[in-house]
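Trainee: Position in the sequence shown (first residue = 1) + 139 = the working numbering.
Hints are computed from structural coordinates only; laboratory data are not their basis. Where is the CB? At the ideal position from N, CA and C, for every residue including glycine. Treat the hints loosely; a few may be bogus.
As the list claims (entries may be wrong) - Cross-link-like lysine-lysine pairs, in silico, DSS-like; alpha carbons within 30 Å at most: (1) K309 / K261; (2) K312 / K185; (3) K244 / K206; (4) K202 / K242; (5) K261 / K242; (6) K206 / K261; (7) K174 / K312; (8) K174 / K261; (9) K202 / K312; (10) K202 / K272; (11) K185 / K261; (12) K242 / K174; (13) K272 / K147; (14) K202 / K261; (15) K261 / K244; (16) K272 / K244; (17) K261 / K326; (18) K272 / K261; (19) K202 / K174; (20) K147 / K326; (21) K174 / K350; (22) K326 / K185; (23) K244 / K174; (24) K244 / K202; (25) K206 / K309; (26) K147 / K261; (27) K312 / K326; (28) K202 / K147; (29) K350 / K244; (30) K272 / K350; (31) K350 / K147; (32) K174 / K206.
What the hints assert, rightly or not - Taking CB as the label site, the calculated pair distances span: (33) S315 / R269: 32 to 38 Å; (34) N226 / Q144: 30 to 36 Å; (35) K309 / W283: 17 to 23 Å.
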Amino acid sequence: MINNQIEKILILAPHTDDGEFGCGASIHKWIQQGKTVYYATFSACKQSVLPEFPEDVLITEVKAATKVLGIVPENLLLFDYEVRTFNYHRQEILDDLIQLREKIKPDLVVMPSLNDIHQDHKTIAEEGLRAFKFFSILSYEMPWNNLVFNTTCFNTLQEADVDKKIEALKEYKSQSHRPYSNPTFIKGLALSRGIQVNAPFAEVFEVVRWKL
140 MINNQIEKIL ILAPHTDDGE FGCGASIHKW IQQGKTVYYA TFSACKQSVL PEFPEDVLIT
200 EVKAATKVLG IVPENLLLFD YEVRTFNYHR QEILDDLIQL REKIKPDLVV MPSLNDIHQD
260 HKTIAEEGLR AFKFFSILSY EMPWNNLVFN TTCFNTLQEA DVDKKIEALK EYKSQSHRPY
320 SNPTFIKGLA LSRGIQVNAP FAEVFEVVRW KL
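Turn these sequences into a full structure, and let the hints guide you.
Mentor: Printed below as a string of structure tokens:
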């Protein structure tokens with residue numbers, strides 16, 4: 140799926156863990172292929188962390204999870220917007236995205252779907268499109284939030300890639316209560332997507348824009 144002209148990939152994660160859920164196995168594959176992956180996340184969701192955890196626990200967890208996938212620490216970019224308020228900070232978020240664009244100049248941007256119904260995810264997708272409209276853009280799948288999803292691009296995977304995704308997500312102990320954190324679901328979805336393209340496993344993306 141990713142050709143040799145693509146060397147720098149920027150993942151846009153509204154919240155810590157969204158990038159791993161959406162395309163964690165692909166991140167691992169791309170890094171194994173020698174690509175440079177940047178991961179920008181816009182909220183550690185301090186306001187919604189369960190009371191038994193420190194409010195900044197997701198910062199610790201995203202650092203550990205992205206390390207499992209192979210992202211180097213300096214390529215993890217943390218912003219501090221309050222969860223579920225992104226739509227009130229569109230211009231600031233757009234400004235941050237433009238700064239990332241100028242600093243990184245990615246060959247590919249991977250972000251939530253424009254049809255994602257979570258208000259923060261939708262804001263990142265819409266402002267991401269504005270900031271990177273002249274770049275290749277893929278949207279990752281989050282079935283629990285996607286009203287509709289066009290399965291227009293499949294990244295075929297090996298079981299080792301999916302296992303690394305599961306290993307990374309296990310670092311998010313504060314999110315283990317989420318039904319979609321279930322390893323059986325994660326592997327089953329990758330298996331289902333793989334069957335669609337006659338591969339062992341896959342993650343699926345919507346093509347928003349592809350620049351040849």
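Trainee: For each hint, tell me whether it holds in the structure or not.
Mentor: Here is how each hint holds up against the structure:
1. K309 / K261: With Cα atoms ~26 Å apart, K309 and K261 stay inside 30 Å; holds.
2. K312 / K185: Status holds; Cα separation ~15 Å.
3. K244 / K206: 22 Å, holds
4. K202 / K242: Measuring from Cα to Cα gives roughly 21 Å; hence the hint holds.
5. K261 / K242: Status holds; Cα separation ~24 Å.
6. K206 / K261: Given that 30 Å is the threshold and the Cα spacing comes to 27 Å, the pair holds.
7. K174 / K312: 28 Å, holds
8. K174 / K261: 27 Å, holds
9. K202 / K312: 13 Å, holds
10. K202 / K272: Judged against 30 Å, a Cα distance of about 29 Å means the pair holds.
11. K185 / K261: Given that 30 Å is the threshold and the Cα spacing comes to 20 Å, the pair holds.
12. K242 / K174: Roughly 17 Å between the alpha carbons, so the hint for K242 and K174 holds.
13. K272 / K147: Holds: K272 and K147 sit about 16 Å apart, inside 30 Å.
14. K202 / K261: 24 Å, holds
15. K261 / K244: Distance ~23 Å between K261 and K244 Cα, so the pair holds.
16. K272 / K244: 12 Å, holds
17. K261 / K326: 26 Å, holds
18. K272 / K261: This hinted pair holds, its Cα atoms lying about 16 Å apart.
19. K202 / K174: Answer holds: K202 to K174 is near 19 Å, not above 30 Å.
20. K147 / K326: 27 Å, holds
21. K174 / K350: 18 Å, holds
22. K326 / K185: Judged against 30 Å, a Cα distance of about 29 Å means the pair holds.
23. K244 / K174: Answer holds: K244 to K174 is near 14 Å, not above 30 Å.
24. K244 / K202: 23 Å, holds
25. K206 / K309: 12 Å, holds
26. K147 / K261: Roughly 24 Å between the alpha carbons, so the hint for K147 and K261 holds.
27. K312 / K326: 18 Å, holds
28. K202 / K147: Measuring from Cα to Cα gives roughly 20 Å; hence the hint holds.
29. K350 / K244: 14 Å, holds
30. K272 / K350: Roughly 10 Å between the alpha carbons, so the hint for K272 and K350 holds.
31. K350 / K147: 14 Å, holds
32. K174 / K206: 15 Å, holds
33. S315 / R269: 32 to 38 Å: Because 35 Å falls inside the window, the suggested range holds.
34. N226 / Q144: 30 to 36 Å: 35 Å, holds
35. K309 / W283: 17 to 23 Å: 19 Å, holds
Every hint, counting from the list given before, is met by this structure.
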